[in-house]
Amino acid sequence: MPSASISERRSIRWVPEPASEPTSTLVLTSPGSHFVDIRVLKLSYFKQPKFANDSSSTARIDWAFAGQSHSEKATTEGAASHGRWEHWVDSRSDDPQVDEGDMFPQPSGLVLEKGRGPHPTTGEITDYEETWRDLKIQSTDDEDKKCAIVLRTAGNNKDSIGMVVRVGSWCQGIIKSGGNLHVERWRWRSRDTYAPVSVGAIIGSEDDSGGWSVQTFPTESGTWERVVGMGRGTLPCPLTFKPEGLEQGQTTDVGDITWEVIERSEW
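The sequence shown begins at 1 in the UniProt record's numbering and counts up one residue at a time.
Simulated from the structure, these hints should not be mistaken for lab results. Warning: the hint list may mix true and false statements.
[Unchecked claim] Computed spacing ranges between beta-carbons, pair by pair:
#1 S44 / E247: 42 to 50 Å
#2 E247 / T216: 36 to 44 Å
#3 D159 / A74: 35 to 43 Å
#4 T251 / T121: 38 to 46 Å
#5 T121 / P238: 17 to 25 Å
#6 W267 / A80: 21 to 29 Å
#7 D134 / D256: 32 to 40 Å
#8 H119 / S71: 21 to 29 Å
[Stated by the list, open to error] Derived lysine-lysine pairs resembling BS3-like cross-links, with alpha carbons at most 25 Å apart:
#9 K114 / K145
#10 K242 / K146
#11 K136 / K42
#12 K42 / K146
#13 K146 / K136
#14 K73 / K114
#15 K145 / K242
#16 K242 / K136
Being a predicted model, the structure only gives us computed values, none of them experimental. No residue lacks a Cβ here, since even glycine has one placed at the ideal position from N, Cα and C.
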């Protein structure tokens, strides 16, 4: 079984343009290859400032999607592997497709991903290059155990679809329901290192000072803090903060939406 991972994007380049990083992009992937990928525009790249402090707005969501990934043998010379990401829920489409890319490990420790996709400005299919780094998976308890939990809903009336993935000290979720989109990102900090982040702060963004209401969820060993929360809806991210109360196959209702634990693992 593949291992869990926490991947932060460092840059994107639409060939032949120069590389940049207009977003805070984080991907959480479980041992079972379920993932949530959330990409939030940094304020310095945001073109609609009137929405910057509106947590119900989704204008700063560059892209958010979730599903299951697959790693295959690469056919491109020099590539270590070929990745495919099935999108079960996608902020950009109600009929999402599979996206693919070739992975090239770099001497710096980063991974270069090469593929083709729609250019955000022109809409034309264009070659892209992304660089990624893996973050360390941290334990959130005093016994140094790490866990991964995946919740999924297809909606009681098929009008809702969403996924929540927790890996170690990070948790992300996305749901589309009744025409609304909602995404969240949570980060855990230990008792010794916890300090409240500024309202609207997101990983990798030094220029964000406004956005959404910060929420916290204290535990015995530290505090979970919601560092991204956009759109309208409810996600069961806090359920994953106490994994001892969850078992694979278990279902729980959040409002009128039923969520199922489709994966739970510890190591």
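Against the structure, the hints come out as follows:
{"no.": "1", "hint": "S44 / E247: 42 to 50 Å", "result": "holds, 44 Å"}
{"no.": "2", "hint": "E247 / T216: 36 to 44 Å", "result": "violated, 26 Å"}
{"no.": "3", "hint": "D159 / A74: 35 to 43 Å", "result": "holds, 39 Å"}
{"no.": "4", "hint": "T251 / T121: 38 to 46 Å", "result": "holds, 43 Å"}
{"no.": "5", "hint": "T121 / P238: 17 to 25 Å", "result": "violated, 38 Å"}
{"no.": "6", "hint": "W267 / A80: 21 to 29 Å", "result": "holds, 24 Å"}
{"no.": "7", "hint": "D134 / D256: 32 to 40 Å", "result": "holds, 38 Å"}
{"no.": "8", "hint": "H119 / S71: 21 to 29 Å", "result": "holds, 26 Å"}
{"no.": "9", "hint": "K114 / K145", "result": "violated, 35 Å"}
{"no.": "10", "hint": "K242 / K146", "result": "holds, 12 Å"}
{"no.": "11", "hint": "K136 / K42", "result": "holds, 23 Å"}
{"no.": "12", "hint": "K42 / K146", "result": "violated, 30 Å"}
{"no.": "13", "hint": "K146 / K136", "result": "holds, 11 Å"}
{"no.": "14", "hint": "K73 / K114", "result": "holds, 15 Å"}
{"no.": "15", "hint": "K145 / K242", "result": "holds, 13 Å"}
{"no.": "16", "hint": "K242 / K136", "result": "holds, 21 Å"}
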